[in-house]
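Enquirer: Line by line, the protein sequences give chains P and S. Residues are numbered in our numbering as their position in the first sequence, beginning at 1, plus a constant of 3. Residues are numbered in our numbering as their position in the second sequence, beginning at 1, plus a constant of 4.
Don't take every hint at face value.
[Unchecked claim] Across the chosen pairs, the derived CB separations fall in these ranges:
1. P/Pro84 / S/Pro245: 33 to 39 Å
2. S/Arg165 / P/Pro84: 20 to 26 Å
3. S/His260 / P/Ile358: 39 to 45 Å
4. P/Ile258 / S/Glu230: 39 to 45 Å
Hints are computed from structural coordinates only; laboratory data are not their basis. We treat Cβ as the ideally placed atom computed from N, Cα and C, and that holds for glycine.
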Amino acid sequence: MEAGSINESVHGALWTIRELYTYPNEYMYWTVHIVVYPFLTGLVAGAFVLSSMYHVFGKEQLKPVAKFSLVFSLALLIMAPVPLLFHLTQPFRSINIMLTPHFYSAIAAFTLVYLTYMAIVMSEIWFVFRPFIVKNALEKTGLMGLIYKVMTLGSYDVSETALHTDEKIIKVLAAVGIPAAAFLHGYVGFIFGSVKTVPLWKTPLMPFIFLMSAIISGVAICIITYTVGMSLTRKFICGASIRSMAKVLSMFLIIAFMLEGIDIVFHAYTAEEFWGILSELLFQRFAFKMIVIQWVCGMILPMILLFIPNVSILRAFISACLVIIGVFMMRWDVVIGGQSMSRSFAGFLNYKLPILPTSIEAFREGLFAVIILLVAPFVLLFIFNKVLPVFTEVFTEEECKLSEGK
Amino acid sequence: MKLTRRELLKMGLISICGAVIPVSAFEVFKPEALASLIHPFSKKKRWAFVVDTTKCVGCGMCVKACKLENDVPFYADIQRTWVERYVQRKGGEVIIDSPRGARYGFTANDPQGRTDVPEDDISKGFFVPKLCNHCEKPSCVQVCPAGATYKTEDGVVLVDRKWCIGCGYCITNCPYFARFFHPVYNTADKCTFCYHRITKGRKTACVEACAFGVRKIGLLNDPDSEVFNIVKTERVAVLKPEYGNEPHVFYIGLDHIVR
Ligand code: SF4
Ligand code: SF4
Numbered sequence: 004m005e006a007g008s009i010n011e012s013v014h015g016a017l018w019t020i021r022e023l024y025t026y027p028n029e030y031m032y033w034t035v036h037i038v039v040y041p042f043l044t045g046l047v048a049g050a051f052v053l054s055s056m057y058h059v060f061g062k063e064q065l066k067p068v069a070k071f072s073l074v075f076s077l078a079l080l081i082m083a084p085v086p087l088l089f090h091l092t093q094p095f096r097s098i099n100i101m102l103t104p105h106f107y108s109a110i111a112a113f114t115l116v117y118l119t120y121m122a123i124v125m126s127e128i129w130f131v132f133r134p135f136i137v138k139n140a141l142e143k144t145g146l147m148g149l150i151y152k153v154m155t156l157g158s159y160d161v162s163e164t165a166l167h168t169d170e171k172i173i174k175v176l177a178a179v180g181i182p183a184a185a186f187l188h189g190y191v192g193f194i195f196g197s198v199k200t201v202p203l204w205k206t207p208l209m210p211f212i213f214l215m216s217a218i219i220s221g222v223a224i225c226i227i228t229y230t231v232g233m234s235l236t237r238k239f240i241c242g243a244s245i246r247s248m249a250k251v252l253s254m255f256l257i258i259a260f261m262l263e264g265i266d267i268v269f270h271a272y273t274a275e276e277f278w279g280i281l282s283e284l285l286f287q288r289f290a291f292k293m294i295v296i297q298w299v300c301g302m303i304l305p306m307i308l309l310f311i312p313n314v315s316i317l318r319a320f321i322s323a324c325l326v327i328i329g330v331f332m333m334r335w336d337v338v339i340g341g342q343s344m345s346r347s348f349a350g351f352l353n354y355k356l357p358i359l360p361t362s363i364e365a366f367r368e369g370l371f372a373v374i375i376l377l378v379a380p381f382v383l384l385f386i387f388n389k390v391l392p393v394f395t396e397v398f399t400e401e402e403c404k405l406s407e408g409k
Numbered sequence: 005m006k007l008t009r010r011e012l013l014k015m016g017l018i019s020i021c022g023a024v025i026p027v028s029a030f031e032v033f034k035p036e037a038l039a040s041l042i043h044p045f046s047k048k049k050r051w052a053f054v055v056d057t058t059k060c061v062g063c064g065m066c067v068k069a070c071k072l073e074n075d076v077p078f079y080a081d082i083q084r085t086w087v088e089r090y091v092q093r094k095g096g097e098v099i100i101d102s103p104r105g106a107r108y109g110f111t112a113n114d115p116q117g118r119t120d121v122p123e124d125d126i127s128k129g130f131f132v133p134k135l136c137n138h139c140e141k142p143s144c145v146q147v148c149p150a151g152a153t154y155k156t157e158d159g160v161v162l163v164d165r166k167w168c169i170g171c172g173y174c175i176t177n178c179p180y181f182a183r184f185f186h187p188v189y190n191t192a193d194k195c196t197f198c199y200h201r202i203t204k205g206r207k208t209a210c211v212e213a214c215a216f217g218v219r220k221i222g223l224l225n226d227p228d229s230e231v232f233n234i235v236k237t238e239r240v241a242v243l244k245p246e247y248g249n250e251p252h253v254f255y256i257g258l259d260h261i262v263r
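Model the full assembly from the supplied sequences, consistent with the hints where possible.
Expert: Pasting the structure below:
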């Protein structure tokens with residue numbers, strides 16, 4: 004009598020397994036794309052902050068990664084909203100939030116926040132690469148020459164004074180970009196923090212927790228990509244730069260760790276109605292993901308590795324990898340873990356990521372879509388790199404030694 | 005008198021500020037705003053619902069009627085209204101279930117499919133029908149980025165199927181989980197208090213289907229309304245008041261084990 008097939012069309016039934024008592028309409032509605040989305044925007048924010056450290060605070064050791072982190076954050080930024088489109092059940096209507104934005108909703112501000120940030124990143128890239136673009140526009144012919152000519156936007160002035168002005172503008176943009184990056188990501192945290200029905204999300208610390216984990220993930224991905232990029236092109240990897248990034252990483256790691264710790268301690272101490280189910284989540288169901296991967300491997304271990312003096316390139320690289328895994332796990336734990344507690348506080352929803360794309364829904368919400376989304380920023384970076392080479396200003400051995408003291 | 009553009013702008017700005025500030029101050033201090041802290045009955049036309057759980061037998065006719073009336077695929081496991089069964093054993097253990105939203109009713113002593121709960125071990129058991137609470141402060145409406153879900157003048161919360169982008173924010177932010185994605189339209193969906201019927205003077209499908217008089221729909225502040233008289237004179241409770249949504253489905257005979 005039960006037609007099984009109709010339930011496949013119920014959004015959520017494909018990947019949700021219920022346990023004990025959950026409300027009949029309860030499924031995992033925010034799924035893996037809502038894990039990927041904050042992960043990507045987090046990387047954007049982190050990478051941008053790193054490049055700003057060079058442009059605003061003049062951290063000389065960061066010079067080799069300054070351009071790279073900027074362009075990479077653009078690549079990430081372009082991809083960041085795509086998981087949302089995968090997530091919507093009516094993606095072609097996404098324009099509606101611009102037509103009739105309802106500003107009480109945190110998501111409605113998305114367009115505004117996103118476009119502002121996009122404008123800042125794009126213009127900063129333009130100013131940073133302007134001398135390079137102009138040079139190529141004058142020298143190159145053919146298609147590439149045309150691309151560069153368009154990219155000059157008609158401005159060929161590379162005189163001393165003009166470049167000096169550029170420098171100033173870059174500084175301002177990089178400085179304005181820091182709060183904008185913080186806002187972009189803090190706002191993502193707010194989307195979660197404002198959902199009052201999920202005990203794990205409902206904390207005013209959410210924007211800050213998200214921001215800190217964003218910065219550590221962004222810095223970590225820069226360490227990884229720089230090291231890998233240099234090794235692949237057989238260029239010299241500057242230990243001073245790595246150490247400088249590692250230092251930034253370790254500092255933000257401490258803050259991130261403290262914020263996340265306070266949050267849990269607070270929940271445990273006030274022990275509100277939902278603490279029973281929350282503690283079961285923390286210490287049993289998600290114990291491995293949260294305690295082992297997110298905290299021990301993703302935070303405590305890298306902290307120890309980075310705090311032992313004389314950080315080597317390998318040690319920084321390993322810590323960065325651990326941090327990335329930890330941050331991804333954190334997004335997972337927050338999104339999936341948060342929703343896996345039934346709103347009835349009397350049951351659980353288990354999430355099973357669809358692997359095989361047996362239907363459109365299974366593909367859209369499944370593993371392959373996720374892999375595509377996670378790889379896409381690197382593909383974009385690869386393409387951007389053809390036009391705007393990001394690793395041209397890497398240090399030679401001497402320069403690296405010189406920068407160490409600064 | 006001749007005005008330059010600059011002066012005109014300045015005066016315009018001053019007069020706008022001058023108008024806005026007193027008006028907004030008024031908004032904060034108006035007595036209704038303060039009085040609303042203790043929730044008096046709204047003077048406006050306002051739909052509300054009463055569920056007398058003491059009379060419910062768990063037959064599930066209301067769930068069935070709702071599905072058929074409102075074009076929600078019958079066999080799909082999502083429902084605009086559902087009935088929950090609460091069983092408390094003598095040892096204190098609480099077992100809750102609502103198999104298929106109870107659209108086939110409860111016909112056996114098998115809470116959560118368990119057969120190890122003998123009848124003489126049950127200290128209390130009862131049914132609780134649920135539906136969207138048409139909250140006065142609906143947290144679902146608050147978070148909809150597209151403005152696709154909204155509250156009508158008479159207090160009913162609706163979804164515009166043509167405008168919903170399917171982000172699921174509203175579903176996530178409803179403390180009662182009254183919402184779901186409609187399997188055919190792929191947009192957020194939920195109970196409408198049968199708005200198409202009540203605005204034409206009829207009762208909701210579930211109210212009409214209930215043979216035991218468990219469910220009642222009516223207007224608050226209407227002296228002839230049974231709902232209003234119950235809410236005014238009897239001890240009623242609402243579900244999860246701690247979320248601050250001010251739900252407008254009032255329950256008779258609620259218990260502390262009800263989630
Ligand atoms: S019960 Fe849920 S869906 Fe209904 S109005 Fe309240 S918050 Fe919205
Ligand atoms: S799912 Fe539809 S109705 Fe719900 S918040 Fe998103 S756009 Fe609004």
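Enquirer: Of all the hints numbered above, which does this structure not satisfy? Sort the numbers upward.
Expert: 4
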